[in-house]
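**Student:** Below, each chain spelled out in residue letters.
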Amino acid sequence: MSCSIRTTFAPALIAIAVCAASPALAATYHRALQGDPETLDPHKTSTVVEAAILRDLLEGLVINDAAGGIAPGVASDWEISDDGLTYSFKLRDDAKWSDGSPVTASDFVFSLRRIMNPETGAKYANILYPMLNAEPINKGERPVEDLGVRAVDDKTLEIKLEQPTAYFLELLTHQTGLPVNPASVEEHGADFLAPGNFVANGPYELVSFTPNDKLVMKKNEDFHSADEVSIDEVVNYPIEERSTCVRRFEAGEVHSCNELPREQLASLKDRLGDQVHVHPYLGTYYYGVNSAREPFDDVRVRQALSMAIDREFLADEIFSGSMIPAYSLVPPGIENYVEDQPKLEYADESILDREDKAIELLKEAGFGPDNPIELEISYNTAEDHRNAATAIAEMWRPLGVNVTFNQRDISAHYAMLRDEKSHDVARAGWIGDYSDPQNFLFLNLSDNPGFNYGNYNNPEYDGLLDKAAAETDLAARAKILSDAEAVFLRDVPQIPILFYSSTALVSPKLKGWEDNLRHVHPTRFLTLED
Amino acid sequence: MLRYAVRRLLGAIPTIFVIITIAFFLMRIAPGGPFDRERTLESQVMANLNAAFGLDLPLWQQYLRYLGNLFQGDLGPSFVYRDFSVQQLLGAGLPISIQLGASALLLALVVGATLGVIAALRQNSAIDYLVISVATFGITVPNFVVAPVLSLIFGVWLGVLPAGGWQDFSLAHMALPVVTLALPQIAVIARLIRGAMLEALRSDHVRTARAYGLTPTMVVGVHALRAASLPAISYLGPAAAALLTGSVVVETIFGIPGIGRYFVQGALNRDYTLVMGTVVIIAVFIVVFNLIVDLLYAAIDPRVRYD
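Protein sequences, first through last, are from chains V and P.
Going letter by letter, the first sequence gives residues 1 to 530 in the numbering used here.
Going letter by letter, the second sequence gives residues 1001 to 1307 in the numbering used here.
It should be emphasised that the hints constitute simulated quantities derived from the structure, not laboratory data.
You may find that some hints are simply not true.
Claimed, not checked - Partial list, derived from the structure: chain P residues whose beta carbon lies under 8 Å from chain V:
(1) 1162
(2) 1164
(3) 1302
What the hints assert, rightly or not - Examples of chain P residues toward chain V, derived with CB under 7 Å:
(4) 1022
(5) 1036
(6) 1041
(7) 1042
(8) 1048
(9) 1255
None of the values given here were measured: they were computed from a predicted structure.
C-beta atoms are modelled at their ideal positions from N, C-alpha and C, and glycine is treated no differently.
Pulled out of the complex, with its shape left as it was, chain P reads as follows (with noise of 0.2 Å):
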């Protein structure tokens, strides 16, 4: 098992360098640059700053150039926030956008799991057709719809709660955020833990477990909650991923120091290594977290072997 992660975790790194070279060239198919704005810049003012940045050098050059610092642990300067390096801009932000992400993944988790499974064992009841409902909402709804009427609600309205901001370790602060993000993957794990829980419940372990005269709550628990987890956790791997690494609606609507702005404003802004900086972490989240979930495979179906 050992192994296995150390060999996929090494065979991952062509994957990440292949992301890493179409990401940046991508990126600068893309017309203009980071020091286009509103207000043009004069040429020579514009020579400087290509010049400061290493920008005047033929793109195969910046490319070598990127890649050299990179394996140095370098991600360079940010074109945009002068007075931070990206490697500062990300490892302020990923804390938060982890704590955050990770809330909500456990929320949902657990909100999720148990919808699932109680809409399962009483199927075609009010509440089966409940939680469907519910879940059907919170997968149409989007969360930049959510969130401001989470935010109006609460912060606003009821005043119980702040309309945003970020305290560290302040619960109040991260309550509206957690939901927003949470309710859309509590509806997906209900509906699969649902659909695979009623399969579950039907197959031959299961009745045998029953016939073996365990408990309701050990065959339910166990046997056939073990056995329906499997679609969840095949989805939650990617989910996690990309939960982890910040989401800009909610950072932007809750105003959130996470990471998960700096995607698509380094997008906009043509702030290249910054764009380059979340690209290389969101890559390495996808690989760690598809792993994880092979590796839990492993773990709760004995069927599945690694050697």
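Isolated chain V (complex conformation) (with noise of 0.2 Å):
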């Protein structure tokens, strides 16, 4: 780049600007975020924001590795009871803070039995209700003291569980398993997380944080593998416009984007090919269907609608192919399930043969064009779900369903869908929190009235929830898993549409990007060339 651009329009202002303008890239990861943290505090995490910084300044008993799998971190191994009640952790020796003192067991204990304290506001607290006492805990019903874990000595934690729990080692690789350093949090009070006070046992370290501006991390010389750790500094840019994310890619200022607007993806891929990353995701885009509600009571109306939906369609033309037609709940390639998945009776049918079934099944239900069902859609402030909303109240008009639409902020919508679900049918998303049915099946429980938008209440299916739950061996408990699912996919009360991919914008001078599932990409694993 020169710095001697000639031009007529303020030509000081253009010099110093071509002057200051070229940035250094060379050791440090410019990396884009869909936005702020809203806390780094990993008892307060909620956004996948927040799990990125977070996997890079902390590091759990058990990490995600570059693909998204399970890899030991503080725990170097682990031991499981035969009834899969007690995980026994043995903590590396090496395990350091960024202060020089050592990772110790009790630095678990102080860190599990905060995120529990009601007093703590953790959003996220019930993901670790599997503990032992965790849930009371929680509630207030009993003292922190009583919760499960325990230091057997300094490098060595015990777990214990309410249930056997086959994804708990999953659930450990989430943000909240993440510890926090005692002394510190004793010395500053709520003031820990500010830079300077932070202390990590990460491979990074905080340096500075402004927000909605970028926060700041270097490398952790104390990290017990630094010398794996091959990126000395990584810029983090809250950017939540995803266009603008893409501008600042081609402008050379940010190596990576986690997330780009769908909109765009064909000309992406002409322009920038192989640095446009699509990969499915573990997530499932859906509408609940007011079960409690005529004529959404009724399974056959469900259904009807369900069939009419032209999941292709959507996948392609209204997400340019940036979405996965989905035909059941639980998104493919998750852990601890059985090989063939249950799906939709109708998934591999054409979209003309399935209308006509529709048509059919509503009549027998007592509905046509002369006795329409008249339905409100509801979903929340976005192009893409406004796009699709359209769409497919396109798809049920030859059914003789007339749509209206309600459109909220995200804000109204979920509240209105917990409270007073007042919808016929709601547009809904769930990106798996851990790689596990169960974490997608749940959203059905009767007794989850945070997520079940379907209103539904049935206790075969709750019932084989608990059952799978109790299943110590994997195989059996898949089955169960299955079965519940087969249950739901019979009656439908949240309609299945797509399953989300994850989309990235990769610098080819970013080596050892592995696209996954969960959409991980811990920094520690990563090298910046020139």
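Join the two chains into one complex using the hints; note that each chain is given alone, in its own frame.
**Tutor:** What follows is the structure, encoded as structure tokens:
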């Protein structure tokens, strides 16, 4: 780049700009994230942005590796008792905090008690409810000391569970399982997260954080595997607007974007080729059908609505090929599940046949063009959701279904779904917190008002999930869960429509990026080339 | 004049109080709360959060508590950015918004006034039509179009300016956002000045000034422009307040850590305290700039007196 471009418009300004505009990208990973972390406190965290940042700053007992699998973290190995109730973790001898002190089992006791303490106000506390007594503690019914987590000695941690939990290790890879440094929490109180106070035990430590601007991290030389960490500095930019991220990527200002504008996907692929990454993601896009309301209490109506949705059209046209047609709730590729996953029985039929069938079903139920169903689709404000709802309304029209729309912002939409449940059909999406079918199937439990947007109340289904929870044999458990999903698909209280894909832009300079179902890319496994 | 200013500022306190009250309750009418997201929270977790932020109290108690804290200069914790207080967020962002807004204002004034005067002096000439066309363009093309286009041209294609981002005291990072912010203001100011200038050039006192044999520069630059600047100045009061408190579009597209985003983000996230904080700031700015405009009027127009 030259510093001597001549122009008639504000030449001085441009000249200064030209000289200042060459960013030094060499040893520093410039990473765009979808927004700011709302907090750096792993016990208050809830977002994917926080997950990405905290994964670099802190290390839990187990971690996600480059491919999103489970790998040893602070724990070098672990034993699980035969009854599946006791986990005994052996901690690495060389695990250290960035203040030089060793990471001990009691640090994890402190941290896990802290997240369960109701005073912490932890949004994701319930994800760790499988630990013994966790739920009553979080409800303030028992003291935190009763939590089933114990430091046997400095380097041995024992965690007892309420009941066998096949996905417990997977749960511990979530950022809620990350430790905080007890001494710094006690010394600085609420300010322990501030740059300068933040004590890290992960591959990076916090340098600075300005909301809406950037969060800077540098390599933690005290980290046990510091010699395997290649990138020296990470600058995280909160870029909410996806097109902005693309421009900054093309201008060479960031090395990666974690989410792309779906409508631009085709042109991006043309322009940027294999720098565009699209990969299946652990998430489902679905419509909850309020089965407590007429006429949606009739399974024929729900099935007809489901049948007539042309998922291929939505995936290819509305979402530009960045989504995958879904005929089941649990996404493919998930851990701890059966090989041959259950799916809607009409999954392989052509859309024309399905439409005929749907008309027939509705006729049986007493509906059709002469006696149309009036239906409102509720969705949260977003271009994609509006387009999808409009297309689905058109697909339902031949069935004699008249659709109106109700658009709310995200807070109002989900508050309505949780409290009033005044919807007919409502858009929802779920990205799994851990790779296990239970994390999708629990959405339909009758005692789960926060997620049960289908208002589903089926003792058979609830019973199967209870049975699966008590089963320690993984294969047997997978079978029970697939039976539960089959029941769900028979009743479709929520209509699975699409599986999410993760989308990303990755610079050719950034090596070691492995696309995976969890869309996790810990910086410690990446390298940068000039 | 000083007494007048103090009186006006004291008189603004009840206004701001009313604004705060209305904003506080309006915000709460919106359905949903700060902790309602795609992932619905367990009821116990929600109860813990509400208790931690005092949202479990009756609304009137929350209101009194907010006012009490406000009088002590405490804007409260952010509900969404949980590691920060509203003061910290606004304190970090406001100087940047002011820096950008003030630069845009200055640019708009200089360019807008110059264009307006030139157009008026050459009424119905090619240059006049050009200024009017540019002004119409500046007003009609929204900044959410201008911003990405500028970023694309100068940041991606030409690669001479950053496509986005912020560095303190970096002119390069300021250039595109400032131009984006200034464009519509240039357009408005040019049109206002042109119109008022045409009128001023035909007024008695300008004719008198000419008759006295003053140089054209004196006549136009001092006597006519002084009178012609009044409409632009009344426009600039609220415009300056809006510019200095940040623009959500420009900040989002260029990735600038100002406070404009907080207003919109805060409202969408139901981050009650953050929205209230920005409301207070914007209200204060509007009051102060309206006062400045009135004082400027007195300084410029000899017919206006405040006693």
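**Student:** Let me know if the C-beta of residue 1041/P comes in closer than 7 Å to any C-beta of chain V, holds or violated.
**Tutor:** 6 Å, holds
**Student:** Grab the minimum C-beta distance from residue 1042/P to chain V and call the hint holds if it beats 7 Å, violated otherwise.
**Tutor:** 4 Å, holds
**Student:** Hint validation: residue 1302/P versus chain V, beta carbon distance must be below 8 Å. Holds or violated?
**Tutor:** 37 Å, violated
**Student:** If you take the shortest Cβ to Cβ gap from residue 1036/P to chain V, is it below 7 Å?
**Tutor:** With a minimum Cβ separation of about 4 Å from chain V (threshold 7 Å), the hint on residue 1036/P holds.
**Student:** Using 8 Å as the Cβ threshold, decide whether residue 1164/P counts as touching chain V.
**Tutor:** With a minimum Cβ separation of about 5 Å from chain V (threshold 8 Å), the hint on residue 1164/P holds.
**Student:** Taking 8 Å as the limit, does the beta-carbon of residue 1162/P come near enough to a beta-carbon in chain V?
**Tutor:** 5 Å, holds
**Student:** Report holds or violated for the interface hint on residue 1048/P, using the least CB-CB distance to chain V and a cut-off of 7 Å.
**Tutor:** 4 Å, holds
**Student:** If you take the shortest Cβ to Cβ gap from residue 1255/P to chain V, is it below 7 Å?
**Tutor:** Interface hint status for residue 1255/P: holds (6 Å vs cutoff 7 Å).
**Student:** Measuring from the C-beta of residue 1022/P to each C-beta in chain V, is the shortest one below 7 Å?
**Tutor:** Violated, about 20 Å.
The earlier numbered hints that this structure contradicts are 3 and 4.
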